[in-house]
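Go ahead and model the full structure; you've got the sequences and the hints to work with.
So the sequence lines, in the order shown, correspond to chains A and B.
This note's numbering numbers the first residue of the first sequence as 1 and each following residue consecutively.
This note's numbering numbers the first residue of the second sequence as 1 and each following residue consecutively.
Keep in mind the hints are simulated off the structure, nothing from the lab.
For clarity, every value in this text was computed on a predicted model and none was experimentally measured.
One or more hints might be untrue.
Calculated cross-link-like contacts (lysine-lysine; reagent style DSSO-like; alpha-carbon spacing at most 30 Å) [to be verified]:
id, chain 1, residue 1, chain 2, residue 2
1, B, Lys94, A, Lys200
2, B, Lys94, A, Lys219
3, A, Lys200, B, Lys66
What follows is a set of in silico ranges between Cβ atoms, one per label pair, in the way DEER data are often shown [said to hold, decoys possible]:
id, chain 1, residue 1, chain 2, residue 2, range
4, B, Ser39, A, Ser133, 19 to 27 Å
5, B, Ile17, A, Ala268, 57 to 65 Å
6, A, Ala27, B, Glu122, 38 to 46 Å
7, A, Ile265, B, Arg104, 50 to 58 Å
8, A, Pro128, B, Gln12, 30 to 38 Å
9, B, Arg210, A, Ser133, 26 to 34 Å
10, A, Leu122, B, Ala58, 29 to 37 Å
11, B, Arg104, A, Val281, 28 to 36 Å
12, A, Ala27, B, Arg104, 24 to 32 Å
13, A, Gly14, B, Arg178, 35 to 43 Å
14, B, Ser39, A, Leu269, 55 to 63 Å
15, B, Ile17, A, Pro128, 45 to 53 Å
16, B, Ser106, A, Val22, 27 to 35 Å
17, A, Ala268, B, Arg73, 51 to 59 Å
All C-beta atoms in this analysis are idealised placements derived from N, C-alpha and C, irrespective of residue type, glycine included.
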Amino acid sequence: MSAIAVERPGANRGLGALVRGVVRAVALVAGLALLWGLWEGYRWLGMRGQWTWPFPVNETTMPHIHTVLRAFDQPLQPGGPPLRHYLFHYALFTGKEALAGFALGALIGFMLAVVLAHSVLLRRGLLPYIVISQTVPLLAIAPMVVVGLGTKGVQPWVGVAVIAAYLTFFPVAINTLRGLLSPDPRAVELMRSYAAGRSKVLWRLRVPASMPFVFSALKISATASVIGAIIGETPASLQGGLGYAIVNFNQYYSIQPANLWATIIVCALLGIVFFLAVVVVERLVLKRAPENFA
Amino acid sequence: MTAVSIRGVSKQFRAGITALTGIDLDVEPGEFVSLIGPSGCGKSTLLRIIGDLVQPTAGTVEVNGKPANRARRDHDYGIVFQDAVLYDWRTVAKNISLPLELLRWSRGRRDARVDEMLELVELSAFAKHHPWQLSGGMQQRVAIARALSFSPSLLLMDEPFGALDEMTRERLNAELLRIWQDTRSTVVFVTHSIPEAVFLSTRVVVMSARPGRIANVVDVGLPQPRTNATREEPRFFELVTQVREHLIASGAPLGDTSTPTLVEEPA
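Next up, the structure:
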């Protein structure tokens, strides 16, 4: 640390922020261009060389990217609305499931971490089962959960949200636990010197100290919840979401491969939207040393 | 009524290490007492026992005539560690008001006291800054302001300036003396530095290691207020020499005592 390391926050805004913004935009475009080049380059080489390994390269396995993009505009059935209309509504449907699952999973994960942070015994006893929970194949239990909850009169999309929560709670629980246990022993001593009870130590020290950890977990969980929702829809044959669209377009892949690729792009975009939402909230909530931002 | 009264205190850690044995010490109100000794002499442990943060194996500690536990619950003391231990997510002002929030002071009272404290440690311009925007010395001044914010009668300091450079340390020494006189509080101060102990204290308690016990007590009769000129007086050097000789006689490794070491829990 330098002698007097006092920077006025905000002194560097304006021009600096503009330059950073431009650099970011250029990097984004360059990244997309690189991906496009790799795809089209591989396709061109593969078709010229008639590669058969690891897969034969042709119009079906690797459609042109512009073909995929054009598919968004083409009607699914003659005279019907374009594909993007369907995909938009599918994404909303799956997004709703993922959001509910994300919220539920984050809440459960957080509460679990708070409980575990207060008891070594519970940590020892419960943590292995929490880890094991994540080794269970989701594809196997997803239909059981969705159908099983359905027989109890629960809406199918709620069942899918539960699957999404199942993927979400784990990183939140593990990271929050680490964050809750992260304060310096002297920071805890300080609270004891003020005769602060457990709940005050929790809310004034442990929870704020855990926030960077919580947000790293939420970023992982944000995309995991989207994946959970898609996977949850698939085996349960729940219609109306992106999982359903993937199963559906898979069946017509040999005729219209671009439809599946377009759906994949929408799935990725949905995940990115979730991720960015967490990043925005993190920036608003966390006020601390710049190096603590992931 | 004595500010701190220690009777026959011993501390053994689970590993069978005797950290402290047979400690008797009285600190009168308004005194500035330094605990000095080699690493491992248990001076930080003794400070924590006074603060009821560590339980003694034997003996009793009274603060302001009450058992240490009662005194802690009554918020009779403020504590400052070697690291400032500021909460990153709070501004300087909010860090200082933390104990006041825990004591359920009203918003208006808190704000007024925080302003007062910022003035005391000369950081009024930095109220809205975050800890990571301050230098080490400034952070430590915030920690002192926080410890004093609720006007405890006793201030416990565990090598508060040990991690700072010599220049900053001397400036903060002078500042601490001013604050001590302004607030009329009692200070128990742990340090590795002989000149620091002599400059600050009314009494210097020299401790020896393994097992930690009180080897000698040196009365520092230097007149108040002490200034940088104090550091150049012959009497100052005599006292420094006296403390050093006691340390050597008590078995402290030579040449190791005047420099701050980071053996105990480096930052």
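Now the hints, each set against the structure:
The suggested pairing of Lys94(B) with Lys200(A) holds, with an alpha-carbon distance near 16 Å, which does not exceed 30 Å. With a C-alpha separation of about 29 Å, the suggested pairing of Lys94(B) with Lys219(A) holds against the 30 Å cut-off. Of the pairs offered as hints, the one joining Lys200(A) and Lys66(B) holds, with about 25 Å between alpha carbons and a cut-off of 30 Å not exceeded. A hinted range of 19 to 27 Å is violated for the C-beta pair Ser39(B) and Ser133(A), which are about 47 Å apart.
Judged by the Cβ atoms, the range 57 to 65 Å given for Ile17(B) and Ala268(A) holds: they are separated by roughly 59 Å. Checked against the hint of 38 to 46 Å, the C-beta distance between Ala27(A) and Glu122(B) comes to roughly 45 Å, which is consistent with it. Range check, Ile265(A) to Arg104(B): Cβ separation about 55 Å, and the 50 to 58 Å hint holds. Pro128(A) and Gln12(B) have their C-beta atoms about 36 Å apart, which keeps the hinted 30 to 38 Å range intact.
For Arg210(B) and Ser133(A), the hinted distance range of 26 to 34 Å is not satisfied, since their beta carbons lie about 50 Å from each other. Restraint check, Leu122(A) to Ala58(B): a C-beta distance of roughly 34 Å satisfies the suggested window 29 to 37 Å. Here the CB-CB span from Arg104(B) to Val281(A) is close to 30 Å, well matched to the stated 28 to 36 Å. Checked against the hint of 24 to 32 Å, the C-beta distance between Ala27(A) and Arg104(B) comes to roughly 51 Å, which is inconsistent with it.
At about 42 Å, the beta-carbon gap between Gly14(A) and Arg178(B) stays in the expected band of 35 to 43 Å. Our hint of 55 to 63 Å for Ser39(B) and Leu269(A) holds, since their Cβ atoms are close to 59 Å apart. For Ile17(B) paired with Pro128(A), a C-beta distance near 34 Å fails the hint of 45 to 53 Å. In this structure the hint that Ser106(B) and Val22(A) lie 27 to 35 Å apart at CB is violated, the actual value being about 49 Å.
Take Ala268(A) and Arg73(B): their Cβ atoms lie about 57 Å apart, and the range 51 to 59 Å holds.
Of the numbered hints given earlier, the model fails hints 4, 9, 12, 15, 16; all others are met.
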